[in-house]
Amino acid sequence: GEDVEQSLFLSVREGDSSVINCTYTDSSSTYLYWYKQEPGAGLQLLTYIFSNMDMKQDQRLTVLLNKKDKHLSLRIADTQTGDSAIYFCAETPDSNYQLIWGAGTKLIIKP
Amino acid sequence: GAGVSQSPSNKVTEKGKDVELRCDPISGHTALYWYRQRLGQGLEFLIYFQGNSAPDKSGLPSDRFSAERTGESVSTLTIQRTQQEDSAVYLCASSSASRTGELFFGEGSRLTVL
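The listed protein sequences derive, respectively, from chains A and B.
So the first sequence is numbered by our numbering: it starts at 1 and just counts up by one.
So the second sequence is numbered by our numbering: it starts at 112 and just counts up by one.
So here's chain A without its partners, still in its complex pose (with noise of 0.2 Å):
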């Protein structure tokens, strides 16, 4: 069936940039997104792409898509310590309107 892997953590240092990596299975997907959760809250949308885009920018982050090997990376440039959140990848096959979910991805700050 349809699978989303990321890794569990990312640590990285105020100011330098993050990559959160997703891998998925479906090759039929339409969108992909990459949604935040910051502690306490509820997933709130960070950002989508259509399958049919490699890139996608919005200010600080950045959204590449690699269709051929199914991966799908998010970038944030000068990361601060509000980016401190579970970050979750996830896909809609193309016949479904079920979102695939990754388990999410913690990015720690170092100071």
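Don't read these hints as lab results, they were simulated from the structure.
Note that the structure is a prediction, hence the values are computed from the model and not measured.
In the EDC-like style, the derived pairs of lysine to aspartate or glutamate whose C-alpha atoms are separated by at most 16 Å in a straight line are:
hint : chain 1 : residue 1 : chain 2 : residue 2
1    : A       : Lys36     : B       : Glu213
2    : A       : Lys70     : A       : Asp26
3    : A       : Lys67     : A       : Glu5
4    : A       : Lys70     : A       : Glu5
5    : A       : Lys36     : B       : Glu218
6    : A       : Lys106    : A       : Glu14
Covered, in the sense of this in silico footprint (three residues per stretch, anywhere, with C-beta under 8 Å from a C-beta of chain A), are these stretches of chain B:
hint : region
7    : 147-156
8    : 213-224
Partner residues are not named here, just some residues of chain A that face chain B (Cβ under 8 Å, in silico):
hint : residue
9    : Gly42
10   : Phe88
11   : Gly104
Glycine included, each C-beta is placed from N, C-alpha and C at the ideal position.
Chain A is fixed; fit chain B onto it per the hints.
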């Protein structure tokens, strides 16, 4: 309201009691999801409602779990005869029909079963 509202935000109950969790989706959102998130874990799908269609209950872990939604409004998730393993945060999310992957989440209901 402007966002998805869930209540109660915290619930502590004794093993064996029934609990009811409520979700108020964003007005006009036809799709509504319930997820369970155990401490330090990812999202576990429970149930999905879309308009007046039959709900997708494939994620409900046992017959102690049930959920209802009237039309496109409030939903309630009921857990009967609670067990300690039911302790988790229960998240509700809604989306519009045209943008099904863009979910708006509530803050969650934290359930602790003693």
